[in-house]
Amino acid sequence: MSERKITMSKAIAEAIDLEMARDPKVFVMGEDVGIYGGIFSSTTGLFAKYGGDRVKDTPISETAFIGAATGAAAEGMRPIVELMFVDFFGVCMDQIYNHLAKNTYMSGGSVKLPVVLMTAYGGGYNDAAQHSQSLYSLFAHVPGLKVVVPSNAYDAKGLMHTAIRDDNPVMYFFHKGLMGLGWMSSPATASTPVPEGDYTVPLGQAKVVREGQDLTIVTLGWMVHRSLEAAAELEKAGISAEIIDLRTLVPLDRETVIKSAQKTGRVLVVDEDYQSFGLSGEIAATVAEAGALKSFRRVAVPDVPIPYSRPLEQYVLPNPQTIAQAAQGMLEMVG
Amino acid sequence: MQPSRDQLMWMYRTMILIRRYEERMAEVYFEGKTPRFDIGWGPVPGEMHLAAGQEPVAVGVMSHLGDHDTVTGPHRPHHLAIAKGVNLKAMTAEIFGKKTGLGQGKGGHMHLFDVAKKFSCSGLVGAGFPPALGAALAAKMQGKNWVAVAFAGEGAANQGSFHESLNLAALWKLPVILVIEDNSYGISVPKAASTAVPTNADRAAAYGIPGAFVPNNDPVAVFEAAGIAVERARQGQGPSLLEIKTDRYFGHFQGDPELYRPKGEVDTLKGHDPIARLRTKLMEGGVLSEDSDAALRKAVEAELEEAYAFARNSPYPEPTEALKHVFV
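Same order as they appear, the protein sequences are chains A and B.
Add 69 to the 1-based position in the first sequence for my numbering, that's all there is to it.
Add 5 to the 1-based position in the second sequence for my numbering, that's all there is to it.
Any given hint could be a false lead.
Said to hold, decoys possible - Subject to a maximum C-alpha distance of 25 Å in a straight line, what follows is the list of computed PhoX-like cross-link-like pairs (lysine-lysine): (1) A:K125 with B:K38; (2) B:K104 with A:K118; (3) B:K178 with B:K149; (4) B:K38 with B:K104.
Said to hold, decoys possible - Some chain A residues judged to face chain B by a derived CB distance under 10 Å, without partners named: (5) I75; (6) Y166; (7) K245; (8) A361; (9) F365; (10) P371; (11) L381; (12) P389; (13) Q390.
Because the hints were derived from the structure by calculation, they are not lab data.
Glycine is no exception: its CB is placed at the ideal position from the N, C-alpha and C atoms.
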């Protein structure tokens with residue numbers, strides 16, 4: 070295994086490159102995926118290598134090109150489609166949640182739709198309410214879409230290989246602030262050693278990224294890194310936090326979450342998405358249904374749109390301090 | 006319809022105000038972002054889409070509008086907001102994320118709302134067409150001769166919302182004008198690679214409404230074409246579509262490496278600067294002198310200085326204010 074360390078954006082582009090090389094049915098389309106290489110560098114180098122027939126810039130016509138991905142996939146192609154920001158999916162939602170997500174089911178399993186829908190999510194750089202949302206729970210809510218949210222370069226590459234080879238629609242979310250872009254800060258832990266060849270990371274297998282005894286932090290994406298920072302602080306206060314990186318929401322690795330909850334007795338969900346009706350509630354329900362819910366808290370965006378102004382945005386996004394405070398609060402509770 | 010001397014001077018001054026506003030914003034934007042650029046740093050973080058070069062669109066159309074008329078804009082909105090008369094201090098404060106901003110720091114530069122001036126904009130491409138139809142519908146239902154104008158880039162003309170809006174506006178004969186600002190690129194994608202027809206004005210025929218293409222990035226030509234469209238709308242004759250050829254001097258956003266642009270393209274475009282061309286015209290017509298031009302530019306700088314100083318000196322909102330305004 071190679072020890073070279075690469076960014077998450079490079080890892081994603083590399084996985085797509087390898088899949089395009091091994092399967093002529095794999096192609097890429099989306100806005101600015103060609104010469105530009107993707108606004109967040111997820112397709113860098115692909116246009117130069119494969120040309121405009123397999124790396125297609127599209128008009129700003131998402132209903133058309135995302136619907137076309139469904140149609141092409143039904144005919145045996147394996148499209149990878151990028152829509153720049155998850156915030157933009159509203160314009161083409163019908164093609165996604167009524168068609169891409171349901172045609173397999175409605176056809177009694179006879180229609181296969183191997184589509185990867187790739188998009189950027191998340192905030193932290195003051196891009197305001199229409200360019201900073203997470204929204205993965207919205208897509209996880211709709212049956213028929215697999216949902217992938219990697220937190221680092223190694224997982225990003227392996228999950229992309231798996232997503233492309235999957236015969237079902239996969240929504241692939243990457244956090245802008247994890248991509249290792251030259252123009253946006255990334256946590257150092259997002260770039261990792263990544264093998265040069267292909268490998269897969271299975272969907273539906275969470276990863277315990279830090280073992281601990283006192284509480285379980287369930288999280289994903291950027292929040293894995295912020296939770297790790299919080300855990301380091303908690304350690305100093307004598308609190309041992311276990312951290313689970315879910316990696317995929319659909320399928321959700323409930324078993325790993327429940328097992329850890331049974332061990333620690335305390336579950337804290339850290340989520341960059343809106344608090345209500347989403348991931349944190351789902352994790353609470355999962356643990357409760359297993360009879361393992363003793364103590365539960367969540368740190369998430371408090372049900373407001375993401376504000377522009379820096380002090381406002383920093384207030385609503387979970388950070389290492391708010392995570393550590395919530396954890397400490399749980400430990401101080403009786404029982 | 007030719008612009009009066011006053012209208013010409015208003016267009017000239019407003020174009021300079023817009024240009025200098027954007028140039029100044031470009032400078033401020035890079036504060037705190039050098040030597041290392043990070044989009045989240047400095048007094049103005051986040052994406053920044055500047056409209057230098059696109060001034061003729063804003064002033065040529067806005068010459069015909071008053072406070073009662075509604076304007077919706079796209080993610081690149083400053084030129085339109087300024088020409089519509091949006092409060093410059095409050096707008097700048099909003100872009101600085103300050104409590105005194107139009108949206109108390111909640112919105113930022115892509116999301117400017119000035120109720121008094123009936124101006125709003127959105128960060129989503131093509132999102133401004135339907136609300137403009139709604140404003141036009143409201144005017145019509147209330148028996149007012151107000152009009153609404155939606156502005157968007159040429160990339161937006163491939164959105165479903167554009168075509169749906171054209172059909173609905175034509176069907177209901179709404180007093181609305183859809184204005185396409187053709188600055189040649191949707192981020193990196195040139196118009197020829199995104200659009201099946203040479204000019205979007207041709208698409209008006211599909212909906213049985215007038216469509217005009219205005220070449221040359223010329224405020225007077227825009228004034229004339231917009232005059233016809235606005236008059237038509239005010240008289241209850243229904244919608245029009247305008248496509249205006251214009252130029253984007255900056256990148257899609259600040260920090261855009263612009264590798265998709267041929268070298269020297271921007272310099273060529275700047276050789277055709279609409280402000281310089283109008284200046285020559287006004288000088289030749291005896292409307293403007295070297296002295297009056299210098300005085301006008303000095304006044305513009307003072308107005309900008311006031312707005313930027315106001316923004317800089319205003320306080321940030323309290324963090325907990327993030328929780329307010331989800332509902333009224």
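Take a quick look at whether K178 of chain B and K149 of chain B sit within 25 Å of each other, Cα to Cα.
The hint holds at about 14 Å.
Next item in the hint list is L381 of chain A. Is there a CB on chain B closer than 10 Å to its CB?
holds, 4 Å
Proposed interface contact between F365 of chain A and chain B, which counts if any beta carbon pair is under 10 Å
violated, 22 Å
Given Y166 of chain A as an interface hint, is the shortest Cβ-Cβ distance to chain B below 10 Å?
violated, 16 Å
Given the hint that K104 of chain B pairs with K118 of chain A, test it: the Cα-Cα distance must not exceed 25 Å.
violated, 49 Å
Proposed proximity, K104 of chain B with K38 of chain B (alpha carbon, max 25 Å):
Status holds; Cα separation ~23 Å.
Take the shortest C-beta to C-beta distance between P389 of chain A and chain B; is it under 10 Å?
At about 16 Å, which exceeds the 10 Å cut-off, the nearest Cβ of chain B leaves the hint on P389 of chain A violated.
Classify the hint on A361 of chain A as holds or violated, based on whether any CB of chain B lies nearer than 10 Å to its CB.
violated, 32 Å
Checking hints one by one. Is K245 of chain A an interface residue toward chain B, by the C-beta closer than 10 Å rule?
Given a least distance of 9 Å, the restraint on K245 of chain A holds.
Satisfaction of the I75 of chain A interface hint, Cβ to chain B closer than 10 Å:
For I75 of chain A, the interface hint is violated, since the closest Cβ of chain B sits about 20 Å away, which is over 10 Å.
At a threshold of 10 Å, is the proposed contact between P371 of chain A and chain B supported by beta-carbon distances?
Interface hint status for P371 of chain A: holds (6 Å vs cutoff 10 Å).
Going by Cβ atoms only, is Q390 of chain A closer than 10 Å to chain B?
Status violated, d = 13 Å.
In summary, the structure is inconsistent with hints 1, 2, 5, 6, 8, 9, 12, 13 from the numbered list given earlier, while agreeing with the others.
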